[in-house]
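Heads up: the sequence lines are chains A and B, in that order.
One point on numbering: in our numbering, the residue at position 69 of the first sequence is 69, and numbering is uninterrupted.
One point on numbering: in our numbering, the residue at position 47 of the second sequence is 1047, and numbering is uninterrupted.
Hints in this document: simulated from the structure, not taken from any laboratory.
Mixed in with the good hints there might be a few duds.
To be verified - Capping the alpha-carbon separation at 30 Å, the derived lysine-lysine pairs in DSSO-like fashion look like this: (1) B:Lys1083 / B:Lys1042; (2) A:Lys67 / B:Lys1042; (3) A:Lys56 / B:Lys1083; (4) B:Lys1057 / A:Lys2; (5) B:Lys1083 / B:Lys1057; (6) A:Lys56 / A:Lys103; (7) B:Lys1057 / B:Lys1042; (8) B:Lys1042 / A:Lys56; (9) A:Lys2 / A:Lys67; (10) A:Lys2 / A:Lys42; (11) A:Lys103 / A:Lys42; (12) A:Lys2 / B:Lys1042; (13) A:Lys42 / A:Lys56; (14) B:Lys1057 / A:Lys103; (15) A:Lys56 / A:Lys67; (16) A:Lys103 / A:Lys67; (17) A:Lys2 / B:Lys1083; (18) B:Lys1057 / B:Lys1078; (19) B:Lys1042 / B:Lys1078; (20) A:Lys67 / B:Lys1078; (21) A:Lys42 / B:Lys1042; (22) A:Lys67 / B:Lys1083; (23) A:Lys42 / B:Lys1057; (24) B:Lys1078 / A:Lys56; (25) B:Lys1078 / A:Lys2; (26) A:Lys103 / A:Lys2; (27) A:Lys56 / A:Lys2; (28) B:Lys1042 / A:Lys103; (29) B:Lys1057 / A:Lys67.
To be verified - A short list of chain A residues far from chain B (calculated; beta carbon distances all over 10 Å): (30) Pro14; (31) Ser73; (32) Asn92.
Just so you know, even glycine gets a beta-carbon here, dropped at the ideal spot from N, CA and C.
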Amino acid sequence: QKEVEQNSGPLSVPEGAIASLNCTYSDRVSQSFFWYRQYSGKSPELIMSIYSNGDKEDGRFTAQLNKASQYVSLLIRDSQPSDSATYLCAVNMGGNNRLAFGKGNQVVVIP
Amino acid sequence: EPEVTQTPSHQVTQMGQEVILRCVPISNHLYFYWYRQILGQKVEFLVSFYNNEISEKSEIFDDQFSVERPDGSNFTLKIRSTKLEDSAMYFCASTNTYEQYFGPGTRLTVT
């Protein structure tokens, strides 16, 4: 079983719409969860961290965590063309805090 | 805003040669990491480093790899005898908590 799974294919959303991304993880003891944005050819950029069940909002981004279901999601409200990127879900695997990454979801915002 | 820096941005080397990738973590951070990303694939953990020693390493991090903190600012990854399959983006990350901040990466091309 993969440590972190992001199964959705590329997501195309019109400008101004909501983009919704999902992620599941396998290790029940994980406590820290992150969303990174990666533009093509660039490095991962941390955009959200979440540690407790429920929602966490930061600007146009909302992260949601459900530890019982081992599920993390990211909502991007009022999507802008600059949001077009690959979004990586990352889970802290404990111990020495290595991150396990999903393969990412590509988001394309259409003007 | 402090950031992780990496040099060189692009390194081309011949198979069997040694390469050293350099990183300057954020100055007050104590935990350092190397990750790699093969083109089109997910980000993979290589090694974590704390208190001048390796705290965790992945299966990828075999005897060909080593890390060092030669002074108070630099953190290096050495690959002793490069293989074609070592071609990838190599990212350094650092943190003092759980949120890891990534450098811009070094693109390693092994020919």
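So, going through the hints one by one against the coordinates:
| no. | hint | in the structure |
| --- | --- | --- |
| 1 | B:Lys1083 / B:Lys1042 | holds (20 Å) |
| 2 | A:Lys67 / B:Lys1042 | holds (23 Å) |
| 3 | A:Lys56 / B:Lys1083 | violated (43 Å) |
| 4 | B:Lys1057 / A:Lys2 | holds (18 Å) |
| 5 | B:Lys1083 / B:Lys1057 | holds (19 Å) |
| 6 | A:Lys56 / A:Lys103 | holds (23 Å) |
| 7 | B:Lys1057 / B:Lys1042 | holds (17 Å) |
| 8 | B:Lys1042 / A:Lys56 | holds (25 Å) |
| 9 | A:Lys2 / A:Lys67 | holds (17 Å) |
| 10 | A:Lys2 / A:Lys42 | holds (25 Å) |
| 11 | A:Lys103 / A:Lys42 | holds (15 Å) |
| 12 | A:Lys2 / B:Lys1042 | holds (12 Å) |
| 13 | A:Lys42 / A:Lys56 | holds (26 Å) |
| 14 | B:Lys1057 / A:Lys103 | holds (20 Å) |
| 15 | A:Lys56 / A:Lys67 | holds (14 Å) |
| 16 | A:Lys103 / A:Lys67 | holds (20 Å) |
| 17 | A:Lys2 / B:Lys1083 | holds (26 Å) |
| 18 | B:Lys1057 / B:Lys1078 | holds (14 Å) |
| 19 | B:Lys1042 / B:Lys1078 | holds (22 Å) |
| 20 | A:Lys67 / B:Lys1078 | violated (38 Å) |
| 21 | A:Lys42 / B:Lys1042 | holds (13 Å) |
| 22 | A:Lys67 / B:Lys1083 | violated (40 Å) |
| 23 | A:Lys42 / B:Lys1057 | holds (24 Å) |
| 24 | B:Lys1078 / A:Lys56 | violated (39 Å) |
| 25 | B:Lys1078 / A:Lys2 | holds (29 Å) |
| 26 | A:Lys103 / A:Lys2 | holds (10 Å) |
| 27 | A:Lys56 / A:Lys2 | holds (25 Å) |
| 28 | B:Lys1042 / A:Lys103 | holds (5 Å) |
| 29 | B:Lys1057 / A:Lys67 | holds (27 Å) |
| 30 | Pro14 | holds (27 Å) |
| 31 | Ser73 | holds (18 Å) |
| 32 | Asn92 | violated (6 Å) |
Consistency note: the structure conflicts with the earlier hints numbered 3, 20, 22, 24, 32.
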